[in-house]
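One gets the working numbering by counting positions in the sequence shown from 1 and adding 972 to each.
The hints are simulated quantities; they were obtained by calculation from the structure and are not laboratory data. None of these values were measured; they are calculated from a predicted model. Among the hints, erroneous ones may be present.
What the hints assert, rightly or not - The list that follows gives simulated cross-link-like pairs (lysine-lysine, BS3-like), each with its CA atoms no further than 25 Å apart:
1) 1122 x 1049
2) 1092 x 1042
3) 1122 x 1024
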Amino acid sequence: MKTSMFEWKKIRRLKLFVALAAATFLLITGMYIHNVVQQDLIPAKKIEYFSKFLTEVSQQNDTDQQTLQKSEDPETKMRLEIGMALVGALKELQDAIENREGNAELSFENTVYQIATEYKSALGTFSLSQKEMDHITQVNQELKKRNLIKEDFDLSIAQPLFMKKVTHLLLSPVGFLIATLLIGNAFTKEWDDKSMQFNRVLPVSSAERIIGRLFSYWLASFVWLIIIYGISFSLPYAGGRTEQSLFSYPFANSNGQFNEAGGLLVNSGIYSVLFLLFSFTIFLLVGSMLRNAIITVLLVSAVFIGGWIVTSVGVISVWDPFTYQQPIQVAEQQKSLSPISLLILSGLSIVGTILACIADKRRALS
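Let the hints inform the model, and build the full structure from the sequences given.
See below:
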């Protein structure tokens, strides 16, 4: 415990750790202020989105009308009739959006996609695929069941959706790597300020020293997570978007099932805690073996970036620890917290800690 407190004091005094905490606070605050300022633009953004569909259908209708003026064609006439109905539905949808009628917006949007399905079967032009329309319709129906309105995921200031956006940005490969390197600077700094000799004369074993460091680094990262979750929760609360039901906001996963926003945030938080433990284990293991600040930073960065590249090209597996560099995406793909995921991250952290203790002990004897 004394070793952990000693290491924790070193981290607290690090300007880089203070800078990480301050930068996180300012970034989240800036994101929230940006979203607040943009609230009045959300209806315009939605209207603009549906305007492109209205334009393409209207153009097709004009073409069909010109064709019918030249000659009668039953197929063209049927497509024109459906197209006119689709234009009417799109205008009603835009009116509902402009008037901020959330429930009506969901109903009209579903109607648009129902008519669009008929329109596409009549060889009409509509940009969305059938799969996309079916997915959106399913989500809209789920929102209506829960008596929720559709939120803008990028600009929402509702607590769970804003928190999800923040965690998606910060609890990411880049965020985890930056946090690991900055907090781990307390370890690599020893080789630069010649305090290694002082540490070696402390009456502690290699195992106690490594475990103490790991615990203190994990504690520092936990403080970072508290800042992320705490600020992203508190700002919308202060701003008034605190409806309890919003934590049940549905997100469809790859299996066609729905995960609630609250559950996603909890699960991604747990994965983040365990991945940070794993990442610091890797950092301590590499550092204990090399004892060179620059090489340690470069090698750890290469390992993390390599893991990120593998997952970004679609090679995603619960057995790959670097999959959890993107915890919110992992949580979205699962219906509930995965015991295998917890075992993988915990098990590799334990193995890495043991290897780091062995490497540290051998270095001390050499």
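Verification of the supplied hints:
1. 1122 x 1049: violated (35 Å)
2. 1092 x 1042: The given pair, whose Cα atoms are some 23 Å apart, holds under the 25 Å limit.
3. 1122 x 1024: holds (20 Å)
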